[in-house]
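In order, the protein sequences belong to chains Z and L.
Under this note's numbering, residues 29 to 140 are what the first sequence spells out, in order.
Under this note's numbering, residues 6 to 117 are what the second sequence spells out, in order.
If you're looking for bench data, these hints aren't it; they were derived computationally from the structure.
Honestly, I wouldn't trust all of these hints.
What the hints assert, rightly or not - No more than 27 Å apart at the CA atoms, straight line, and that leaves these computed lysine-lysine pairs for DSS-like: (1) Z:91 with L:50; (2) L:47 with Z:48; (3) Z:41 with Z:67; (4) L:50 with Z:31; (5) Z:55 with L:47; (6) L:98 with Z:55; (7) Z:41 with Z:133; (8) Z:91 with L:98; (9) L:61 with L:50; (10) Z:133 with L:72; (11) L:8 with Z:67; (12) Z:31 with L:47; (13) Z:67 with L:50; (14) L:98 with Z:31; (15) Z:67 with L:47; (16) L:98 with L:8; (17) L:50 with Z:48; (18) L:47 with Z:72; (19) Z:133 with L:8; (20) L:50 with Z:133; (21) Z:55 with L:50; (22) Z:55 with L:72; (23) L:72 with L:50; (24) Z:72 with L:72; (25) Z:46 with Z:67; (26) L:47 with Z:41.
Each chain, written out:
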Amino acid sequence: NSKVIQTPRYLVKGQGQKAKMRCIPEKGHPVVFWYQQNKNNEFKFLINFQNQEVLQQIDMTEKRFSAECPSNSPCSLEIQSSEAGDSALYLCASGTANTEVFFGKGTRLTVV
Amino acid sequence: QQKVQQSPESLIVPEGGMASLNCTSSDRNVDYFWWYRQHSGKSPKMLMSIFSNGEKEEGRFTVHLNKASLHTSLHIRDSQPSDSALYLCAASKGSALGRLHFGAGTQLIVIP
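If we strip away everything but chain Z, and leave its shape as in the complex, we get (with noise of 0.2 Å):
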């Protein structure tokens, strides 16, 4: 079983309003992923860290996301000014280079 602890589990935003999301990945697990699932089930990269270090991240994230994985706290995805098309799951996981990659059970935002 996943032990990827994602919080808040719902969160409701107005457009233009900060959503801020936390995600603790399972101990001794490096490297960490964020992605965006949509309501038509598709999967979007948007960043994976390894330790306190950003690896890769897309362009949306660069521009309109903040992320940080900080030593001995949660890591974190901020969107600074939510859209409506912001609206889905966004899904935290943690792996080695041993195992695979292990989802939290997301943080699911609304932007109304």
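Dock chain L against chain Z, hints included.
Just chain L now, with coordinates in the frame of chain Z:
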């Protein structure tokens, strides 16, 4: 456009029947394939992974990979109603820590 194509989009099989799901990557840089299962409202959980040409079996699940065509298939024999879920294929370059490119999934419904 989607780098990972899955078919069919949805599949209905009777209880006890065989379900066959397909997945092809158009990105020749990938070399690892993953099959995830996502029940409604839950996080994706890895079912099977395959990196080498050929076939791998685990219980009722068999996965095939043809690296030349970058095609993988998942076969579920003796399908159960509890197998009803969204089946996601993902491809990555390198290990589990590579960025996962997901397909849009096959929605499997097993009818008692």
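Going straight from one Cα to the other, do residue 133 of chain Z and residue 8 of chain L come out at no more than 27 Å?
holds (25 Å)
Does residue 50 of chain L lie within 27 Å of residue 72 of chain L when you go C-alpha to C-alpha?
holds (24 Å)
Could you grab the alpha-carbon distance between residue 8 of chain L and residue 67 of chain Z and see if it respects the 27 Å cut-off?
Distance of about 19 Å is within 27 Å: holds.
Decide if the proposed pair is consistent with the structure: residue 61 of chain L and residue 50 of chain L, CA atoms, cutoff 27 Å inclusive.
Given pair residue 61 of chain L, residue 50 of chain L holds - Cα atoms ~18 Å apart, limit 27 Å.
Restraint status (C-alpha distance of residue 133 of chain Z to residue 72 of chain L at most 27 Å):
Distance ~32 Å between residue 133 of chain Z and residue 72 of chain L Cα, so the pair is violated.
Would you mind confirming whether the straight-line C-alpha gap from residue 41 of chain Z to residue 67 of chain Z stays at or under 27 Å?
This hinted pair holds, its Cα atoms lying about 17 Å apart.
Starting from residue 55 of chain Z, check that the Cα of residue 72 of chain L is at most 27 Å away, please.
violated (34 Å)
With the threshold set at 27 Å, check whether the alpha-carbon distance from residue 98 of chain L to residue 8 of chain L stays at or below it.
holds (13 Å)
Between the alpha carbons of residue 55 of chain Z and residue 50 of chain L, is the straight-line distance 27 Å or under?
holds (18 Å)
Given the hinted pair residue 91 of chain Z and residue 98 of chain L, is their alpha-carbon gap at most 27 Å?
With a Cα-Cα distance of about 26 Å, the restraint between residue 91 of chain Z and residue 98 of chain L holds, given a limit of 27 Å.
Sort out whether residue 50 of chain L lies within 27 Å of residue 91 of chain Z, counting only the CA atoms.
Not OK: residue 91 of chain Z and residue 50 of chain L at ~30 Å, beyond 27 Å, violated.
When you check the alpha-carbon spacing of residue 72 of chain Z and residue 72 of chain L, does it fall within 27 Å?
holds (24 Å)
In this structure, the hints that do not hold are numbers 1, 10 and 22, in rising order.
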